[in-house]
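Could you put together the complete structure from these sequences and hints?
Here the protein sequences come in this chain order: A and B. If you count by my numbering, then the first sequence holds residues 1 to 134, one letter each, in order. If you count by my numbering, then the second sequence holds residues 1 to 731, one letter each, in order.
No lab work stands behind these hints: they were computed from the structure. The structure presented is a predicted model; accordingly, all values stated were derived computationally and were not measured. The beta-carbon is built from N, C-alpha and C at its ideal position, and this holds for glycine as well. Careful, some of the hints might be misleading.
Unchecked claim - Partial selection, computed: residues in chain A whose CB lies under 7 Å from chain B:
#1 F10
#2 P22
#3 G33
#4 H59
#5 I61
#6 L79
#7 E83
#8 E87
#9 E89
#10 K108
#11 E112
#12 A121
Stated by the list, open to error - Chain A is nowhere near these chain B residues, computed Cβ spacing over 12 Å in every case:
#13 E130
#14 R267
#15 H367
#16 A374
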Amino acid sequence: MTRLAAGPVFERVLTTRIVAMPAALDAARWPAGHVALRTAADEVLITPPLADARVADEHAIVLADGSFFGGWIAPALALAVLERECEWEVPHARPAFAQGMVAGLPVKLWLESERVLVLVAAPFAHDLAERFVA
Amino acid sequence: MRIIVDGTPVEFAAGDNVLGAMLRAGLRPTSGGCLCLGGDCPHCLATVDGIAYVRTCQTAARPGLIVQSFPDDGYPPLPAGSTREPAVTARNIHCDVVVIGQGAAGRAAAAAARQAGKQVVTLDASAGEEVIGIYAGPLVVARTAAGMLHAHPRVEIIVATGAAEIQPVAPGNDLAGILTARAAEALVAAGVDLGRVVAVGTPPAGIKVEQAEGELLRFEGTLRVAGVVMRDRNGSERRYACDTAVVGLGMQPRDALLRMGQGLAVRAVGDAARASDMPPCPLAGTVCACSGVTVADLESAWQRGFHELELVKRSTLAGTGTCQGMACMPHVRSFLAARGGSLQPPFTARPVTRQLTMGEASAGSHHQAVPRTALDGEHRRLGAQMDRIGGWWRPWHYGNPLREYWAVREAVSIGDVSTLGKMQVSGPDALELLERLYPTRVKSIAPGTARYVLMLNDRGYIFDDGLICCDGANRYSLTFTSGGASFAELWVRDWAESWKLDVRILNQTMALGAINVTGPLAKELLARAGLPNAPKYMQLASALVAGVQCRVHRLSFTGELSYELHHPAEHSVVLWRQLLELGKDLGIKPHGLQTLLQLRLEKGHIIVGQDSDFDSTARRVDMEWAVKLDKPEFVGRQAVVRTNKVSLDRQLTGFEMEGVAPIEGSSIHFGSEYAGYVTSSFTSPVLGKAVMLGWLRLFDGKLPDAVLIDGRSAQRVPVPFYDKAGGRARV
Numbered sequence: 001m002t003r004l005a006a007g008p009v010f011e012r013v014l015t016t017r018i019v020a021m022p023a024a025l026d027a028a029r030w031p032a033g034h035v036a037l038r039t040a041a042d043e044v045l046i047t048p049p050l051a052d053a054r055v056a057d058e059h060a061i062v063l064a065d066g067s068f069f070g071g072w073i074a075p076a077l078a079l080a081v082l083e084r085e086c087e088w089e090v091p092h093a094r095p096a097f098a099q100g101m102v103a104g105l106p107v108k109l110w111l112e113s114e115r116v117l118v119l120v121a122a123p124f125a126h127d128l129a130e131r132f133v134a
Numbered sequence: 001m002r003i004i005v006d007g008t009p010v011e012f013a014a015g016d017n018v019l020g021a022m023l024r025a026g027l028r029p030t031s032g033g034c035l036c037l038g039g040d041c042p043h044c045l046a047t048v049d050g051i052a053y054v055r056t057c058q059t060a061a062r063p064g065l066i067v068q069s070f071p072d073d074g075y076p077p078l079p080a081g082s083t084r085e086p087a088v089t090a091r092n093i094h095c096d097v098v099v100i101g102q103g104a105a106g107r108a109a110a111a112a113a114r115q116a117g118k119q120v121v122t123l124d125a126s127a128g129e130e131v132i133g134i135y136a137g138p139l140v141v142a143r144t145a146a147g148m149l150h151a152h153p154r155v156e157i158i159v160a161t162g163a164a165e166i167q168p169v170a171p172g173n174d175l176a177g178i179l180t181a182r183a184a185e186a187l188v189a190a191g192v193d194l195g196r197v198v199a200v201g202t203p204p205a206g207i208k209v210e211q212a213e214g215e216l217l218r219f220e221g222t223l224r225v226a227g228v229v230m231r232d233r234n235g236s237e238r239r240y241a242c243d244t245a246v247v248g249l250g251m252q253p254r255d256a257l258l259r260m261g262q263g264l265a266v267r268a269v270g271d272a273a274r275a276s277d278m279p280p281c282p283l284a285g286t287v288c289a290c291s292g293v294t295v296a297d298l299e300s301a302w303q304r305g306f307h308e309l310e311l312v313k314r315s316t317l318a319g320t321g322t323c324q325g326m327a328c329m330p331h332v333r334s335f336l337a338a339r340g341g342s343l344q345p346p347f348t349a350r351p352v353t354r355q356l357t358m359g360e361a362s363a364g365s366h367h368q369a370v371p372r373t374a375l376d377g378e379h380r381r382l383g384a385q386m387d388r389i390g391g392w393w394r395p396w397h398y399g400n401p402l403r404e405y406w407a408v409r410e411a412v413s414i415g416d417v418s419t420l421g422k423m424q425v426s427g428p429d430a431l432e433l434l435e436r437l438y439p440t441r442v443k444s445i446a447p448g449t450a451r452y453v454l455m456l457n458d459r460g461y462i463f464d465d466g467l468i469c470c471d472g473a474n475r476y477s478l479t480f481t482s483g484g485a486s487f488a489e490l491w492v493r494d495w496a497e498s499w500k501l502d503v504r505i506l507n508q509t510m511a512l513g514a515i516n517v518t519g520p521l522a523k524e525l526l527a528r529a530g531l532p533n534a535p536k537y538m539q540l541a542s543a544l545v546a547g548v549q550c551r552v553h554r555l556s557f558t559g560e561l562s563y564e565l566h567h568p569a570e571h572s573v574v575l576w577r578q579l580l581e582l583g584k585d586l587g588i589k590p591h592g593l594q595t596l597l598q599l600r601l602e603k604g605h606i607i608v609g610q611d612s613d614f615d616s617t618a619r620r621v622d623m624e625w626a627v628k629l630d631k632p633e634f635v636g637r638q639a640v641v642r643t644n645k646v647s648l649d650r651q652l653t654g655f656e657m658e659g660v661a662p663i664e665g666s667s668i669h670f671g672s673e674y675a676g677y678v679t680s681s682f683t684s685p686v687l688g689k690a691v692m693l694g695w696l697r698l699f700d701g702k703l704p705d706a707v708l709i710d711g712r713s714a715q716r717v718p719v720p721f722y723d724k725a726g727g728r729a730r731v
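What follows is the structure in structure tokens.
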């Protein structure tokens with residue numbers, strides 16, 4: 001595997017993590033400047049974290065969460081790595097959210113035209129840094 | 001321009017492949033066998049640039065290429081020493097249609113697909129894109145000059161790989177100087193002198209030959225063919241002297257990839273879709289050169305009752321070698337048709353169709369990633385011996401397990417238990433869900449308290465254990481074993497969905513760190529860390545500890561006063577370092593998993609999966625107190641009620657013996673009869689004897705009191721072994 005001298009820098013990503021009824025998450029609107037990753041029908045990760053996170057579900061679990069590692073990287077680098085390390089087809093639309101195994105790691109991707117957010121659970125941070133290289 | 005063959009330079013011409021250059025020089029990569037020049041047979045293999053099993057007919061000659069012939073018998077030698085080649089990369093492409101082969105049929109299929117608006121990828125072996133397998137997905141894997149290519153077609157795969165010539169089976173077919181008709185044509189075109197040529201079957205085009213008439217009986221010669229013996233219609237033999245024998249015995253489809261893709265959207269076009277010509281039933285000679293299978297071997301298999309092609313393949317290994325049946329399959333089918341009266345379809349093909357290097361086989365793959373806790377760096381910095389346990393990298397010990405042990409028993413110690421499964425459940429039906437899942441009365445768990453619980457499957461067997469913590473109305477936190485956390489999440493979610501319960505579930509295993517503060521001075525340490533009023537036994541509280549917001553669980557797995565500090569994992573390092581600093585003069589030491597397992601054994605606490613088995617009930621592990629059968633419903637209840645009607649046959653039991661503990665897994669005997677085995681063992685420093693848990697059979701309805709373990713006397717004793725009154729743990 002060829003490594004670039006200066007690879008992407010990954011660090012802990014702070015989010016607001018909300019588990020709630022799907023309908024409540026469907027109806028929720030997040031402030032501009034935040035990326036909301038709908039990781040499951042009943043779960044959303046919002047970064048940067050919200051100062052005041054509210055959803056219309058009194059039983060929702062709302063947490064400040066620092067359990068993900070990752071970072072924003074250039075699309076060219078992301079697509080080069082994905083072509084090599086990702087067996088599934090990455091969405092072509094932008095923006096788009098996708099998640100699945102990349103380089104043998106459970107990765108979450110937020111793909112924008114000008115940048116791509118790559119996330120893994122923090123216990124895989126070491127492997128991400130080792131494997132997600134050009 | 002020259003290649004190097006067995007240390008000797010050999011001239012080659014532009015456009016030559018390695019085999020052509022060698023034959024022109026009078027050399028062969030192997031001792032003999034019919035050459036096809038189509039990449040189908042196993043007779044031109046050599047080691048090329050250090051890689052064995054390369055088909056030289058498919059390898060372009062280039063200056064300096066190093067070729068080593070295969071030995072006349074045996075396998076090519078493995079590379080000497082250790083070599084570290086650059087990793088082979090894989091490239092993934094997605095398309096609608098993959099067309100394999102770019103002959104006329106392949107080009108037409110690709111054009112038609114493009115015309116239909118499909119996104120098409122073509123792969124052509126002659127362009128260096130050699131497909132080696134089709135997998136579920138579907139996935140087409142090809143070897144290319146730039147590495148491995150993984151093509152993912154959305155619609156279909158079209159196999160247009162043409163047809164291969166049928167090889168001859170007769171005594172002497174392992175001699176040099178035998179060619180298929182197409183091979184002969186190609187070699188003559190490349191300027192190779194074939195000498196006097198005799199043709200068997202359809203002759204090659206454009207080559208002067210003597211046509212051999214009748215039925216092929218054998219090839220004759222020493223090392224190289226010198227004659228072909230035929231039998232005419234009158235039964236007379238005739239020998240045709242020759243320098244080269246050329247066989248034209250018909251064609252068979254190159255359809256291995258089609259047969260490999262059964263159940264997938266794969267179809268063949270052109271000659272790859274044709275039916276195979278059937279040669280006459282072989283009478284003698286080698287059928288499968290790859291595995292050395294003769295007609296006599298086929299006969300033996302038939303006599304032993306192997307009459308299906310798939311079974312004959314497994315019985316004789318015909319078709320399992322280098323060429324994957326391209327040379328032998330028509331003959332084996334013909335043999336079985338002659339014996340059984342019907343022609344059987346070709347056998348299933350499986351990847352790979354070509355020999356791969358380890359690098360090629362592993363391209364695009366990684367070792368399974370093993371998660372690391374937030375304290376992983378701390379453990380390594382402290383010199384821990386790390387190991388993969390329960391699906392995580394964990395510290396086994398920090399160099400002196402005995403010191404860690406005494407720190408827990410006599411002072412204070414901290415351990416990283418971040419790997420424990422951790423889950424939040426909330427919602428109007430949270431209590432209902434847990435009542436149905438667990439065999440305990442969840443309703444009686446008061447807010448701010450916790451309870452140890454077993455998890456039973458629907459057959460009543462224990463598959464995990466942990467805690468239920470009540471955080472308030474309709475809110476609970478659950479813990480699971482480290483190794484069982486992933487399955488436990490599936491289990492909880494699956495039942496919640498099945499029962500259509502209104503709950504929210506969040507797995508926090510990777511989000512929360514957990515540090516176990518344990519030992520008689522644990523309370524003092526927490527007081528120094530800013531928690532003067534730590535919660536009481538089996539209670540929990542939210543509090544700042546060393547400036548880190550924690551959920552403090554008061555429990556005990558070690559048998560000493562213990563607190564688990566659950567906290568956001570991003571603060572684990574700060575908390576860990578603070579605790580070590582604050583506990584310096586208290587004799588604090590971190591303890592690894594080895595020590596933890598020993599401490600808990602002294603208390604008789606089980607490790608699910610180590611002390612329990614796949615069919616362990618609460619009764620068998622002697623924990624019936626954890627199963628409340630007066631509850632009307634919980635997963636596994638009916639099975640527990642049913643199995644409780646059957647006499648107990650074995651039980652997990654405590655044992656003690658003098659001296660050093662026998663190894664885990666040691667057998668237990670009652671007299672001369674096998675009675676069970678040891679699941680956990682340890683020589684207890686505090687007790688000065690060996691303590692064990694193990695499975696023990698009942699004899700005449702009773703557990704024997706005295707047994708032999710590893711040939712030594714041992715006594716069955718009740719657990720716990722240590723602090724039987726529980727005063728230290730519950731202080």
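Each hint tested on the structure:
1. With its C-beta approaching chain B no nearer than about 14 Å, F10(A) sits outside the 7 Å limit, and its interface hint is violated.
2. For P22(A), the shortest C-beta to C-beta distance to chain B is roughly 11 Å, which exceeds 7 Å, and the interface hint is violated.
3. For G33(A), the shortest C-beta to C-beta distance to chain B is roughly 22 Å, which exceeds 7 Å, and the interface hint is violated.
4. Proximity of H59(A) to chain B holds as hinted, the smallest CB-CB distance being about 4 Å (cut-off 7 Å).
5. The closest approach between the C-beta of I61(A) and any C-beta of chain B is roughly 5 Å, which is under the 7 Å cut-off, so the hint is satisfied.
6. This hint is violated: L79(A) has a C-beta 11 Å from the nearest C-beta of chain B, more than the 7 Å allowed.
7. The closest approach between the C-beta of E83(A) and any C-beta of chain B is roughly 6 Å, which is under the 7 Å cut-off, so the hint is satisfied.
8. About 6 Å separates the beta-carbon of E87(A) from the nearest beta-carbon of chain B, less than 7 Å, and the hint is met.
9. Checking E89(A) against chain B by beta carbon gives a least distance of about 4 Å; that is within 7 Å, so the hint holds.
10. Taking 7 Å as the C-beta cut-off, the interface hint given for K108(A) is violated, the closest approach to chain B being about 13 Å.
11. Annotation: interface hint on E112(A) violated; nearest CB of chain B at approximately 21 Å, more than 7 Å.
12. Checking A121(A) against chain B by beta carbon gives a least distance of about 4 Å; that is within 7 Å, so the hint holds.
13. The claim that E130(B) lies off the interface holds: its Cβ sits roughly 20 Å from the closest Cβ of chain A, which is beyond the 12 Å cut-off.
14. Listed as a non-interface residue, R267(B) keeps its Cβ farther than 12 Å from every Cβ of chain A; the least gap is roughly 22 Å.
15. The beta carbon of H367(B) is not kept farther than 12 Å from every beta carbon of chain A, the shortest such distance being approximately 7 Å.
16. With a least CB separation of 7 Å from chain A, A374(B) falls inside the 12 Å interface cut-off, contrary to its annotation.
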